[in-house]
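Number of protein chains: 4
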Amino acid sequence: MSDDREREGDDHYELGENRYGKSRIRLVTVRRGPDRHHVRDLTVNVALEGEFEAAHTHGDNAGVIATDTMKNTVYALARDRLTGGPEAFALELARHFIGYDVCGRAFIDIVEHPWNRVATADGQSPDAFVRSGELSRLASVSIDRSGAIAVTAGVDDLTVLKTTRSAFSGFDRDRFTTLAEVDDRLMATKVRATWGYRPDLAASGALDFDAAWQRATESLLHSFAEHFSRSVQESIWIMGREMMDADASIEWVRMVLPNLHHWMVDLSPFGLDNPGEVFVSTTEPHGLIDATVRRREG
Amino acid sequence: MSDDREREGDDHYELGENRYGKSRIRLVTVRRGPDRHHVRDLTVNVALEGEFEAAHTHGDNAGVIATDTMKNTVYALARDRLTGGPEAFALELARHFIGYDVCGRAFIDIVEHPWNRVATADGQSPDAFVRSGELSRLASVSIDRSGAIAVTAGVDDLTVLKTTRSAFSGFDRDRFTTLAEVDDRLMATKVRATWGYRPDLAASGALDFDAAWQRATESLLHSFAEHFSRSVQESIWIMGREMMDADASIEWVRMVLPNLHHWMVDLSPFGLDNPGEVFVSTTEPHGLIDATVRRREG
Amino acid sequence: MSDDREREGDDHYELGENRYGKSRIRLVTVRRGPDRHHVRDLTVNVALEGEFEAAHTHGDNAGVIATDTMKNTVYALARDRLTGGPEAFALELARHFIGYDVCGRAFIDIVEHPWNRVATADGQSPDAFVRSGELSRLASVSIDRSGAIAVTAGVDDLTVLKTTRSAFSGFDRDRFTTLAEVDDRLMATKVRATWGYRPDLAASGALDFDAAWQRATESLLHSFAEHFSRSVQESIWIMGREMMDADASIEWVRMVLPNLHHWMVDLSPFGLDNPGEVFVSTTEPHGLIDATVRRREG
Amino acid sequence: MSDDREREGDDHYELGENRYGKSRIRLVTVRRGPDRHHVRDLTVNVALEGEFEAAHTHGDNAGVIATDTMKNTVYALARDRLTGGPEAFALELARHFIGYDVCGRAFIDIVEHPWNRVATADGQSPDAFVRSGELSRLASVSIDRSGAIAVTAGVDDLTVLKTTRSAFSGFDRDRFTTLAEVDDRLMATKVRATWGYRPDLAASGALDFDAAWQRATESLLHSFAEHFSRSVQESIWIMGREMMDADASIEWVRMVLPNLHHWMVDLSPFGLDNPGEVFVSTTEPHGLIDATVRRREG
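Residue numbers (my numbering), protein chains in the order written: chain A, 4 to 301; chain B, 4 to 301; chain C, 4 to 301; chain D, 4 to 301.
Hint data in this document are derived by calculation from the structure and do not stem from the laboratory.
Take the hints with a grain of salt, since some may be wrong.
For identical chains, the list gives no copy identity; a pair is met inside one copy or between any two copies.
Taking lysine to any residue and the SDA-like style, the derived pairs with C-alpha atoms no more than 25 Å apart in a straight line are [claimed, not checked]: (1) Lys193 with Gly19; (2) Lys193 with Gln217; (3) Lys193 with Asp130; (4) Lys193 with Trp255; (5) Lys193 with Ser172; (6) Lys193 with Pro117; (7) Lys193 with Ala170; (8) Lys193 with Glu137; (9) Lys193 with Asp250; (10) Lys193 with Glu17; (11) Lys193 with Ser135; (12) Lys193 with Met267; (13) Lys193 with Asp160; (14) Lys193 with Asp63; (15) Lys193 with Ala183; (16) Lys193 with Phe231; (17) Lys193 with Leu182; (18) Lys193 with Asn119; (19) Lys193 with Phe273; (20) Lys193 with Ala57; (21) Lys193 with Arg22.
From a predicted model like this one, the values you see are computed outputs, not experimental measurements.
Isolated chain A (complex conformation) (with noise of 0.2 Å):
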């Protein structure tokens, strides 16, 4: 290949869609109360879209922000804008972003991993940390040069199991169907939900990030515990429209399911019965329905 890079032919190929940022950058802060200290633990990706095509195509880095600055960006808008929930700060990072002439969109996602207080014999410990696993808090924020926003929170890998009250019938059975109808199964399903809040509430300030992603994760698993389901689909159907009922910010609900299959294990070979209490959990093949709820126009 030659050096020079403006070959003949090279009239063929245009540029498509593109972006580019840092991802996986690892952020932990420590405030130090007088009475506490209170931990965040954030993993924060940054992408760009905008006038990047002589970058590609010329080798042009003049107007290329460089992915270490991005992250050194994220490390120090956090000594002091880390202050309200993930959903904010990606706010302030989007906009700090699309101030740069060439970004056209700026695109911020952030996973926050929860740390509880250690319980201690007579309280909870002002400083030492557990982290949960139980799920990950997930915050995303768009912003382009129109100013137009777009917010939306979410929870991630929030593994959850009903015992009863799942049932599977009545679908369709052709030559390649075996699967027996049950009315009664496990459901086991490891939780992604996004959902997408008023972009004139997020972007002015006035919706409380906290209190409506609780809310929302509350009333997704009330729904989940109380819910008769009669398949994965209905039971996002379900679940979405509680979390919108509880909480006029919301516009919508997405769920990613995983049905991640029980089998009930065949004892008889062995003299013994299994009325539903012994089961294979299995992770792999796995169902998965993804389906969004929405508010309806109009």
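Model the placement of chains B, C and D on the given structure of chain A, informed by the hints.
Structure of chains B, C and D alone, referenced to chain A:
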């Protein structure tokens, strides 16, 4: 919650985008030829879009194809029809599923895990294999009811390294920039590349998927080795262009490349120089560059 | 190779240490009480030592217990005998397997994955559960033909952090030392702790395994929160000692603790101070401290 | 807890077995020869045993070598001394650390990740590399104060499959046995094999570690391909014996082999036969066979 799902207020919500299917169907086939065996090792994902609203909103499973049935179908069709590239098998599967009346679009994603024959004292074993961890081969097909077909191929988890002919300089500098400019650095990435074939060729059976994949992958690796890179962005442009130069059936190439930074170790505290010889290999954080190169229309 | 395995020269080799079994048996049980359900989620490993020489050296499987049989046994015994702590179930299994004539020693390792009830509007769900990712509970039993029993319990994957009362100074300095001494640092680790119960108590059924495990884990966490650490080594000593102070049935405590370094970010290039507030969380490389504290004999 | 660690009652406890060090030191070296570059990619673990009691029991770090210093040492010594096999580098490191007065025994474990040159149109690239995922190479050295040395080598993550010449029959049958006997099955495993070299040879520098590793790995693969297996146990015996037949410097071979079951799919519900062609590949649960074959003494 009442058992009657026809709640007052349900008309406030509607179902948005949705799809479902079976993921991580692990399939190994052995063809027992007279002289030697042939092994294939695939992970197959099936997903369907279609008229599944009643399943969500009314728990009505009448039109639902159980994901267990999808799994059975993959194994059953593998019996006779997994004879060519994974793209061809994905086409078989997609055409099967689009045959259901309720199905609006079928998506098949296949990851093929290559195995090599074990080298023996006198050649290659007819029936012993070693799994190549160098890369995975990707194939995806979608078909909708109108018959519109998209066939893509790709490679994943292909980790490559250039020890020279890579630079990064001339980039934007602002108050958060500390990265030094370098005219000779290590560039390492784990390639995920996908490319789209001309639908007419791909659907007709005229395309030799194995030969095309081999050509594209070789072209990718050759151009990775031979070009001088002024950024990961430029590398994508150069490699994508070369891949399309080599094969007229490819319409676009997309690469998602992490920049797996290798930091030169400062050995001066130990009285040693480091002329580009000793590095720390890192994975977190990493740059992430995502770009598509395509043929210019018209 | 000849089919006759009685090769000349076989007397040059002999079988050394060996064991075999079934690993990662995934077991979920549901006990359906009148008011509420109870869920258990275990991963069980079985391994046997014994008279298995002929299986290795002559392909003679006459005395081999198939690992599939081990798996079946775990599910079958779970039907009625998984009623107490995982240590008790491991004892049941070990006693079963040592009953085979060929078996010289049976090892059972169990990882229990705790689930919590989903909180609902009016209390706790009777039949919906969320998986706690905070830690795993460990239980191991070995029994040999002489009847000698070892029972250990433990926790794994318990990630904890102290934001103060941790220091590291006064260590050896030589030509390869660059680490600064610090009198206040973050200390984070992912605890893997195991402890051994007095065999007579553990075997007799007199020990309440659940209460003992709870006491040990609380003691570990309390002492983690409350002590001043001059090194991870000292922390293990202090925590182990407290755990044995709290429970006379524990004979020794072993901890394997990675030191998950949190590096303070230098914000001075950006005109900012960093009074112990902003950190990079890392996992690679990590210190790894492995130590056992035990009761002094005599 | 009091700041004075000299608690009453401390004489009830004592320090048992302990070691500490630095794990997952990621090291890449580039040797820039006149014609082409050479890449090495290692993950190094260092661990020390010794007189570290005061560090545990009194927080006295005077004799503690910081794990950060260990990391620095690995990078510094890599500058000039990483020229042969990983065993030779591990020997260099172990000899360095045993030089500390407090050190009673030094352990070095190295995983080497092989890279291949990228194939180019006209040969092999001088400076572009692709990571082979086929296996990892293992090397371990321990040295104690008496000068006793142990050097082991190995392979890990080498996934292999035999499509015939593997059987499993004649095993014990009891009330929990349901497995059918088979005279032709798939046998797949992910090999972790380690072997010990004669210490005198290994320590003297007389052993060509690269040639010995190559010979052992080839011998392992050849015998895997060629033998008829009546069980995984027998396979270990046969392969280990062949490896020692091929190399007099090897004293013992240990293999830890999961039995990665491939279950034949029952296609009869779909009106299809399955003459050993279509399989489900599984990883959980798996058999796990761990055995050592050694030279018979005397």
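Which numbered hints turn out to be false for this structure? 19
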